[in-house]
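Be aware that the sequence shown starts at 590, since it is given in the numbering used here, and climbs by one per residue.
Because the hints were derived from the structure by calculation, they are not lab data.
Quick caveat, the model's predicted, so the values are computed rather than measured.
Nothing false has been slipped in among the hints.
In silico lysine-lysine, PhoX-like type, Cα no more than 25 Å apart, as pairs:
1) K610 <-> K600
2) K600 <-> K688
3) K623 <-> K610
4) K688 <-> K623
With beta-carbon atoms standing in for the labels, derived distance ranges:
5) K605 <-> F700: 35 to 41 Å
6) A658 <-> A614: 15 to 21 Å
7) P693 <-> E607: 22 to 28 Å
8) D631 <-> R695: 18 to 24 Å
9) A690 <-> E592: 17 to 23 Å
10) A622 <-> H644: 17 to 23 Å
11) E684 <-> K605: 30 to 36 Å
12) K610 <-> T698: 32 to 38 Å
13) G675 <-> A622: 19 to 25 Å
14) A614 <-> P699: 29 to 35 Å
Cβ atoms here follow ideal geometry from the backbone N, Cα and C, with glycine treated the same way.
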Amino acid sequence: MSELHGIARFKIHEGKLEEFKRLSAECMEIVRAKDTGTLQYDIYFNDDQSEAFVHERYRDSEALIEHTAHLGEIGEAILATGSVSGELLGEPSAELRAKLADSPVRLFTPFLSL
Numbered sequence: 590m591s592e593l594h595g596i597a598r599f600k601i602h603e604g605k606l607e608e609f610k611r612l613s614a615e616c617m618e619i620v621r622a623k624d625t626g627t628l629q630y631d632i633y634f635n636d637d638q639s640e641a642f643v644h645e646r647y648r649d650s651e652a653l654i655e656h657t658a659h660l661g662e663i664g665e666a667i668l669a670t671g672s673v674s675g676e677l678l679g680e681p682s683a684e685l686r687a688k689l690a691d692s693p694v695r696l697f698t699p700f701l702s703l
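Please build the complete structure, drawing on both the sequences and the hints.
Right under this line is the structure:
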């Protein structure tokens, strides 16, 4: 299977920063305790903390599907704290492609790489 990289960008709604931080901390706890194939899950803020950037790496498609299942309602709640855009880099399985079909996540497959 192919390693996947995810990028999520949040423009946090006015007054939602503390909720975003609280939910992000809960997500991180879940990832550390339950995910078996998450290789990287890092959250960054811009200078005024109005935007967040989440960098994710997964062993394979199954690991990303597992991660999404673990986050469940918390994942949905964090999406409500801001405007979100994202990209997935790699070659997802047919199952993951189907799950992404109605999502705003843009897929980029490999062209050239070291």
